[in-house]
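*Asks:* If you read the protein sequences in the order shown, they are chains U and Z.
For the first sequence, the numbering used here begins at 1 and goes up steadily by one.
For the second sequence, the numbering used here begins at 1 and goes up steadily by one.
Some clues are possibly wrong.
[Unchecked claim] Below, computed lysine to aspartate or glutamate pairings styled on DMTMM-like, alpha-carbon distance capped at 20 Å:
#1 U:Lys155 with Z:Glu165
#2 U:Lys70 with U:Glu120
#3 U:Lys83 with U:Asp142
#4 U:Lys15 with Z:Glu207
#5 U:Lys75 with Z:Glu74
#6 U:Lys70 with Z:Asp185
#7 Z:Lys159 with U:Glu31
#8 Z:Lys203 with U:Glu41
#9 U:Lys92 with U:Glu184
#10 U:Lys167 with Z:Glu165
#11 U:Lys8 with Z:Asp206
#12 U:Lys8 with Z:Glu207
#13 U:Lys155 with Z:Glu166
#14 Z:Lys203 with Z:Asp192
#15 U:Lys85 with U:Glu129
#16 U:Lys75 with Z:Glu165
#17 U:Lys15 with Z:Asp209
#18 U:Lys8 with Z:Glu216
#19 U:Lys85 with U:Asp55
#20 U:Lys144 with U:Glu80
#21 U:Lys70 with U:Asp55
#22 U:Lys15 with Z:Asp206
#23 U:Lys155 with U:Glu184
#24 U:Lys75 with U:Asp52
#25 U:Lys86 with U:Asp52
#26 U:Lys92 with U:Asp176
#27 Z:Lys106 with Z:Asp256
#28 Z:Lys159 with U:Asp55
#29 U:Lys15 with U:Glu31
#30 Z:Lys71 with Z:Asp341
#31 U:Lys144 with U:Glu120
#32 U:Lys8 with Z:Glu165
#33 U:Lys75 with U:Asp103
[Said to hold, decoys possible] Covered stretches of chain U, as calculated for chain Z (at least 3 residues, CB under 8 Å):
#34 42-51
#35 55-65
#36 168-182
I should point out that these hints are in silico values taken from the structure, not numbers from a laboratory.
Note that the Cβ used here is the ideal one computed from N, Cα and C, for glycine as well.
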Amino acid sequence: MLGEGILKGMAETAKNFFGSYFSAARMTTVEYPEHRIAPYEAARVFPFLVFDGKDWQAGMRCVACQICEKECPPKCIFIEKSKDKKPDALGKLQFYPARFDIDISVCMSCQICVEVCPFEAIKMDTEFELSTDDRFGGLLLDRKQLAKSNQYYRKIHPAEAAGVDAKLAAEKVKADAKAKFTAEAKIAAIAGEGA
Amino acid sequence: MSIAETNTEKFEGWNRPAPIKLEGEGELLEVAMGPHHPSTHGVFRMDVALDGERVIRLRPVFGYLHRNHEKIAEGQSYLASMPYTDRLDYICPITNNWAYALAVEKLAGQEVPERAEYLRVILGELTRYQNHASSIGFLIQEMGATGTPLMYAFREREKILDLFEELTGARMMVNYMRFGGCRVDASPGWLDRTRKVVAGLTKFTDEFDRLLSTNEILMARTQGVGVLRPELAVNAGVTGPMLRASGVNYDIRKVDGYGIYNRFNFRVPLGDHGDVYDRYMIRLLEMRESIGILQQALREIPVGPVMSPTARIRGFRPKRGEAYGRIEAPKGELGFYLISDGGPNPYRYRVRPPSLINLTVLEDMCLGVNVADVVLIFGSVDIVLGEVDR
Chain U
1 MLGEGILKGM AETAKNFFGS YFSAARMTTV EYPEHRIAPY EAARVFPFLV
51 FDGKDWQAGM RCVACQICEK ECPPKCIFIE KSKDKKPDAL GKLQFYPARF
101 DIDISVCMSC QICVEVCPFE AIKMDTEFEL STDDRFGGLL LDRKQLAKSN
151 QYYRKIHPAE AAGVDAKLAA EKVKADAKAK FTAEAKIAAI AGEGA
Chain Z
1 MSIAETNTEK FEGWNRPAPI KLEGEGELLE VAMGPHHPST HGVFRMDVAL
51 DGERVIRLRP VFGYLHRNHE KIAEGQSYLA SMPYTDRLDY ICPITNNWAY
101 ALAVEKLAGQ EVPERAEYLR VILGELTRYQ NHASSIGFLI QEMGATGTPL
151 MYAFREREKI LDLFEELTGA RMMVNYMRFG GCRVDASPGW LDRTRKVVAG
201 LTKFTDEFDR LLSTNEILMA RTQGVGVLRP ELAVNAGVTG PMLRASGVNY
251 DIRKVDGYGI YNRFNFRVPL GDHGDVYDRY MIRLLEMRES IGILQQALRE
301 IPVGPVMSPT ARIRGFRPKR GEAYGRIEAP KGELGFYLIS DGGPNPYRYR
351 VRPPSLINLT VLEDMCLGVN VADVVLIFGS VDIVLGEVDR
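Here chain U stands alone, though its shape is the one from the complex (with noise of 0.2 Å):
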């Protein structure tokens, strides 16, 4: 019969449309400012630095070795290192950033400098509302609006977070070894010296 097909057709169409009141799977959408879907914990935006403890100068954890720079496919990142070294976490001497730029108008957020990070300094964001009416300078993120703490990287990515503390915290066990152990190698040497 002609029009059985559209006829069909339609039936499919009223079920998904009637449905709509009554089944919450048919309901896709959400309406977006007041009622928000929690990201998911793998989701990424734009790069952020991560550092330790309450002041953000002396806790980042970025040495400025610029692999990041380097890695970066659209070359995103600009490092400037520092003249100076500071103690980091494991207490060994280092350069850090003197300037950190990260042009996220640039970024295609890739996760790229994540990957090639060694000292779990640059982490992803999740915040997205990101929009600003200054286009050129809003956009550049300078190294204090990039620094965030390890709380905040705690709480939006947990699970990943629990890891790298781990990692991190195993590192500083055996720095501290180590360092133990070559204290007492000088005082062993200077007692034997001293003898």
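Using the hints, position chain Z against chain U.
*Replies:* Same frame as chain U, but now just chain Z:
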């Protein structure tokens, strides 16, 4: 008028073919469809010469979305091109990743662990499913059915994109595959949710089938329109659902058996007439085959690492040589051709995009049809301009 005759016309100025004059009839009407036209999926222009409603000549004009992808890739490390491949065919980024990773793995002789291969198949088939569903939706939209089938397809696509986001962190720009495996492992919870989504896909495919396949308007508009002969399809290098709709049995998953595809039982649907309706039907049937592959892969996926221990992220320098890696992407044969001179970046990097090569037969399919059917035939090719222009 044949194509050979129109090609001999002298060009005056940039890309402007001379007006065609018919004996005793004056000039033809030339219409520029696009680059901003509701029927073009991106910025693509068709210069159509019309005799009344009939198409006499059609010239595709490419390049509005050219991003210099190949040259950029030649100046960067192998890894840095991976996120750019997401942006070629942005409807199916996973298969782009896969083809590129396959080419580099061939170049470097890199092994891929079992679990990573299964994850690639699962994600690749999910991609194929959502690509075919939304491309059918777009095709029907171009016939004037604004919204309904497309929104139904997008409702299902949304579920698949949610799975992608949960695993890779992004809905579309996934940047997931690495040379020698995949970036992150899938949790058991993710696999369970995928099983649940895949279980729902059969129901959706049936719904889509009932909604469209026997619709008289769709049949009247598409059957016998835009016929592509198998000889021409083979000669023009057309691949994917377009080629199979013309009746040529060529599926790289079967021919090459790349990855672990030779372990899966699936059939290759073939068309009879090579018209728009066959292309629609092939996509629908391939969606069903994809569900079968997905169920099998989700049942058999082993535990283990997802990255090969010999894989390198930084300082990756494959030895001198060349490699061509190709896969059956949802749109056709997607290949990456790489030449390495032993340095950190490829000496030559070339993409063989299915969208562009399938578009080359557009004029042959459109000659003599009404101008309203041009839109339909163009929609049935299933292109993404990000891949056509690169």
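*Asks:* Holds or violated: U:Lys155 and Z:Glu166, Cα atoms, limit 20 Å.
*Replies:* holds, 17 Å
*Asks:* Does Z:Glu207 sit within 20 Å of U:Lys8, going by the straight-line distance between their CA atoms?
*Replies:* holds, 10 Å
*Asks:* Between U:Lys15 and Z:Asp206, does the CA-CA distance stay at or below 20 Å?
*Replies:* Roughly 14 Å between the alpha carbons, so the hint for U:Lys15 and Z:Asp206 holds.
*Asks:* Does the alpha-carbon distance linking Z:Lys203 and Z:Asp192 stay inside the 20 Å limit?
*Replies:* Within the cut-off at roughly 18 Å; holds.
*Asks:* For a C-alpha distance cap of 20 Å, please report whether Z:Lys71 and Z:Asp341 respect it.
*Replies:* Since the Cα atoms of Z:Lys71 and Z:Asp341 sit roughly 16 Å apart, the hinted pair holds (cutoff 20 Å).
*Asks:* Between Z:Lys159 and U:Asp55, does the CA-CA distance stay at or below 20 Å?
*Replies:* violated, 42 Å
*Asks:* Please work out if U:Lys83 and U:Asp142 have their alpha carbons no farther apart than 20 Å.
*Replies:* Distance ~18 Å between U:Lys83 and U:Asp142 Cα, so the pair holds.
*Asks:* U:Lys8 and Z:Asp206 were given as a pair; does the straight-line alpha-carbon distance stay at or below 20 Å?
*Replies:* OK: U:Lys8 and Z:Asp206 at ~12 Å, within 20 Å.
*Asks:* Verify the proposed pairing of U:Lys144 with U:Glu120, using a straight-line Cα cut of 20 Å.
*Replies:* holds, 18 Å
*Asks:* Is it true that the CA of U:Lys70 sits at most 20 Å from the CA of Z:Asp185?
*Replies:* Distance ~27 Å between U:Lys70 and Z:Asp185 Cα, so the pair is violated.
*Asks:* Is the straight-line distance between the alpha-carbon of U:Lys92 and that of U:Glu184 20 Å or less?
*Replies:* Holds, because 18 Å separates the two Cα atoms, which is no more than 20 Å.
*Asks:* Would you mind confirming whether the straight-line C-alpha gap from U:Lys85 to U:Glu129 stays at or under 20 Å?
*Replies:* Distance of about 36 Å is beyond 20 Å: violated.
Checked against the numbered hints above, the structure breaks hints 6, 8, 10, 15, 16, 21, 23, 24, 28, 29, 32, 35 and 36 and satisfies the rest.
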